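If you're matching positions, the sequence shown starts at 1 in my numbering and goes up one per residue.
Keep in mind the hints are simulated off the structure, nothing from the lab.
Just so you know, these numbers come straight off a predicted model, no measurement behind them.
Take these hints with a grain of salt, some might be off.
Claimed, not checked - In silico DSSO-like cross-links for lysine-lysine, where the CA-CA straight-line distance does not exceed 27 Å:
#1 Lys438 to Lys337
#2 Lys353 to Lys422
#3 Lys337 to Lys422
#4 Lys422 to Lys157
#5 Lys320 to Lys149
#6 Lys157 to Lys517
#7 Lys353 to Lys320
#8 Lys261 to Lys561
#9 Lys438 to Lys149
#10 Lys561 to Lys517
#11 Lys517 to Lys422
#12 Lys337 to Lys320
#13 Lys320 to Lys261
#14 Lys251 to Lys438
#15 Lys261 to Lys251
#16 Lys251 to Lys320
#17 Lys157 to Lys320
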Amino acid sequence: MTIPSLTPLSTPPSRTTGNFDDAMDTSLAELDNMVDELIAVIPALNNAVASVASSASFADMRATAAGGARDSAIEAAMNANDRAGDAAGSVTEAIAAKTAAEAARDVGIAARDAAAADADRAEMNANGASLAAGAAATSASQAAATSAKAIRDTLGKFSGIIPPTLNLFCRDATSDAVPIGTFARSIAAYRDGPTGIMETVPAASVRRHCDLAGNLQGWLLEGQATNLIFDSATFNSWAFLGASIVPNAVKAPDGTMTAYKIVEDTSNGFHYMVSNTAVAPNGIYIKQIKVKPAGRSVLVLQLSDYVTSVVIAIYDLVSKTCFVLSGYAPWTDVEAKIEDAEDGYSLCTLTAKKTQGTSASFLLSTALNDGNRTYAGDGSSGLYIWGPQLEAGRYASSLVPSAATAVTRPADVWTIPVSSFKFNASAGSFYIQAMTAKALPQPGLGQMAFMIDDGTWLNLIMLYRYTDEILWLTTLSNGVNIGINCGTFANNVPIRLVMSYNTSLFKVCVNGGNVLKSNFTRMFGLSTLRLGNDLSLTQPWNSTIGHFAHFPQELSDAAMKSITA
Numbered sequence: 001m002t003i004p005s006l007t008p009l010s011t012p013p014s015r016t017t018g019n020f021d022d023a024m025d026t027s028l029a030e031l032d033n034m035v036d037e038l039i040a041v042i043p044a045l046n047n048a049v050a051s052v053a054s055s056a057s058f059a060d061m062r063a064t065a066a067g068g069a070r071d072s073a074i075e076a077a078m079n080a081n082d083r084a085g086d087a088a089g090s091v092t093e094a095i096a097a098k099t100a101a102e103a104a105r106d107v108g109i110a111a112r113d114a115a116a117a118d119a120d121r122a123e124m125n126a127n128g129a130s131l132a133a134g135a136a137a138t139s140a141s142q143a144a145a146t147s148a149k150a151i152r153d154t155l156g157k158f159s160g161i162i163p164p165t166l167n168l169f170c171r172d173a174t175s176d177a178v179p180i181g182t183f184a185r186s187i188a189a190y191r192d193g194p195t196g197i198m199e200t201v202p203a204a205s206v207r208r209h210c211d212l213a214g215n216l217q218g219w220l221l222e223g224q225a226t227n228l229i230f231d232s233a234t235f236n237s238w239a240f241l242g243a244s245i246v247p248n249a250v251k252a253p254d255g256t257m258t259a260y261k262i263v264e265d266t267s268n269g270f271h272y273m274v275s276n277t278a279v280a281p282n283g284i285y286i287k288q289i290k291v292k293p294a295g296r297s298v299l300v301l302q303l304s305d306y307v308t309s310v311v312i313a314i315y316d317l318v319s320k321t322c323f324v325l326s327g328y329a330p331w332t333d334v335e336a337k338i339e340d341a342e343d344g345y346s347l348c349t350l351t352a353k354k355t356q357g358t359s360a361s362f363l364l365s366t367a368l369n370d371g372n373r374t375y376a377g378d379g380s381s382g383l384y385i386w387g388p389q390l391e392a393g394r395y396a397s398s399l400v401p402s403a404a405t406a407v408t409r410p411a412d413v414w415t416i417p418v419s420s421f422k423f424n425a426s427a428g429s430f431y432i433q434a435m436t437a438k439a440l441p442q443p444g445l446g447q448m449a450f451m452i453d454d455g456t457w458l459n460l461i462m463l464y465r466y467t468d469e470i471l472w473l474t475t476l477s478n479g480v481n482i483g484i485n486c487g488t489f490a491n492n493v494p495i496r497l498v499m500s501y502n503t504s505l506f507k508v509c510v511n512g513g514n515v516l517k518s519n520f521t522r523m524f525g526l527s528t529l530r531l532g533n534d535l536s537l538t539q540p541w542n543s544t545i546g547h548f549a550h551f552p553q554e555l556s557d558a559a560m561k562s563i564t565a
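Turn these sequences into a full structure, and let the hints steer you where they fit.
See below:
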């Protein structure tokens, strides 16, 4: 009797194979066909047993057939094992591989039963098939474990998951040239460099920003900023009372000999300098200046609306403390801050919401240790000062040096075509590691970490922080908004977030926490990735992004938690 032959399996695809998903579907279909063929062999074997059970030679033939069935079962199991190995990053595919392996084992058992005339040999063959299936199941289990152990190392590399098609890691950058896409900013801008001093970065160059210890934080991405104060570098148009200035007195935070010294005279009274400028009658404004003791260690900053009210804050440059004097109504939302700056300087800021008048002043003065601003000066003591700035908003942006008029630094604009990193609209994942801004955005606006859109506000994916400190991951499909509240994040804190999606679901994990999920509607036509700002350039991130990556498939919950922990 002739035993039907089995259709040989083609070589299973690997992850480097083009159209991997289609090729894998074809391979699985072949495996299913082979199982059907094996099942079809069993009746033929049983019929052979009934007709020639007394023939020893036919028993050998039946054993040979069982061996063939065994080999086919092992081949099916090996194919399942290959599939499990290729799908090491996917728990779902691993389970499918295990199922196929178990089916192969069942066929081997059936073959053993059919070869009852030669039980010992058939049992050995069936055991071989079972061992092969067990190996495939072990491989499937290892695939699941590998997925759970997905990691991101300190070099910005990922393991245990599919490699990213876009992997922007700031520490890999060796220059200020944009690594991919297009970057625009029409003038030079400041950043903190690795030696602890401020540095200028040329126009159209992205800024690699460090902390004061020289540790790289990421690419600094800021919005447009205008220094409303005139002559911030020379003080030529400023007015003085009870004081004067000495130019080029000491090194500035950028390492140049350009810091000034305000020197009190010997009069008994106030010792200050002031500049006035036109501003909108309503809005939030912040003033900043970098200061170092020079005989005096207390600074006073004052904002006036030139109508009825002033805001006064006092800063102790030794204890690094500050406070606001009462009685500043109708100013609101008043806040004073002091923090360490470059080369022993302190960054002193004063924020307040203005409700009347079309002018504002930037006044600074020296004071005694108890904060008293009216005293008899000694003619030599004072403060080293550099980089005064008054701008709209709560965020003290990097310095924009002004001259005889106000100067505007354009926004950092970084865009990347999604075609350049094989964006997958059906399934994919985005990873970002960043720092939140040092201050909240303007009322009614957000701080955009990244945005992917079709050039409109109708179809997009975006991650932003709102004025209540809540971080939102939001999608819009034909204008329909679906968002996930990722939690509250204070100013100047690190985040690691991954967003993953398929055609019906998207999910988010932040800093290794719970995986949050929501419905998702697939969007077509997404064309542009924007880092650090939105489509209209009105919602800048105003902080650093250290790492951004895209994966062309959905990630498991375990992998999402692991790479963001």
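Results of checking the hints against the structure:
In summary, the hint linking Lys438 to Lys337 is supported, as the alpha carbons are separated by about 11 Å, within the 27 Å threshold. Of the pairs offered as hints, the one joining Lys353 and Lys422 is violated, with about 46 Å between alpha carbons and a cut-off of 27 Å exceeded. Among the hinted pairs, Lys337 with Lys422 is inconsistent with the structure: their alpha-carbon atoms are about 45 Å apart, more than 27 Å. Distance restraint check for Lys422 and Lys157: the Cα-Cα separation of roughly 19 Å lies within the 27 Å cut-off, and the hinted pair is therefore satisfied.
For the hint pairing Lys320 with Lys149, the CA-to-CA distance comes to about 44 Å; that exceeds 27 Å, so the pair is violated. With a CA separation close to 26 Å, the supplied pair Lys157 and Lys517 stays within the 27 Å bound. Proposed proximity of Lys353 and Lys320 is supported: the alpha carbons are some 24 Å apart, at most 27 Å. About 52 Å separates the Cα atoms of Lys261 and Lys561, which puts this hinted pair outside 27 Å; it is violated.
Distance hint between Lys438 and Lys149 is unfulfilled; the C-alpha atoms sit about 34 Å from each other, more than 27 Å. Between the alpha carbons of Lys561 and Lys517 the distance comes to roughly 13 Å, so the proposed pair stays at or under 27 Å and holds. With a CA separation close to 24 Å, the supplied pair Lys517 and Lys422 stays within the 27 Å bound. Restraint check for Lys337 and Lys320: the C-alpha separation of about 9 Å stays at or below 27 Å, so the hint holds.
Distance check on the hinted pair: Lys320 and Lys261 sit about 20 Å apart at the alpha-carbon level, within 27 Å; holds. For the hint linking Lys251 to Lys438, the alpha-carbon distance of about 26 Å falls within 27 Å, and the restraint holds. Between Lys261 and Lys251 the alpha-carbon distance is near 11 Å, which keeps this suggested pair within the 27 Å criterion. The hinted pair formed by Lys251 and Lys320 meets the criterion: a straight-line CA distance of about 21 Å does not exceed 27 Å.
The straight-line distance between the Cα atoms of Lys157 and Lys320 is roughly 40 Å, outside the 27 Å bound, and the hint therefore fails.
Hints 2, 3, 5, 8, 9 and 17 from the list above are not met by this structure, while the remaining hints are.
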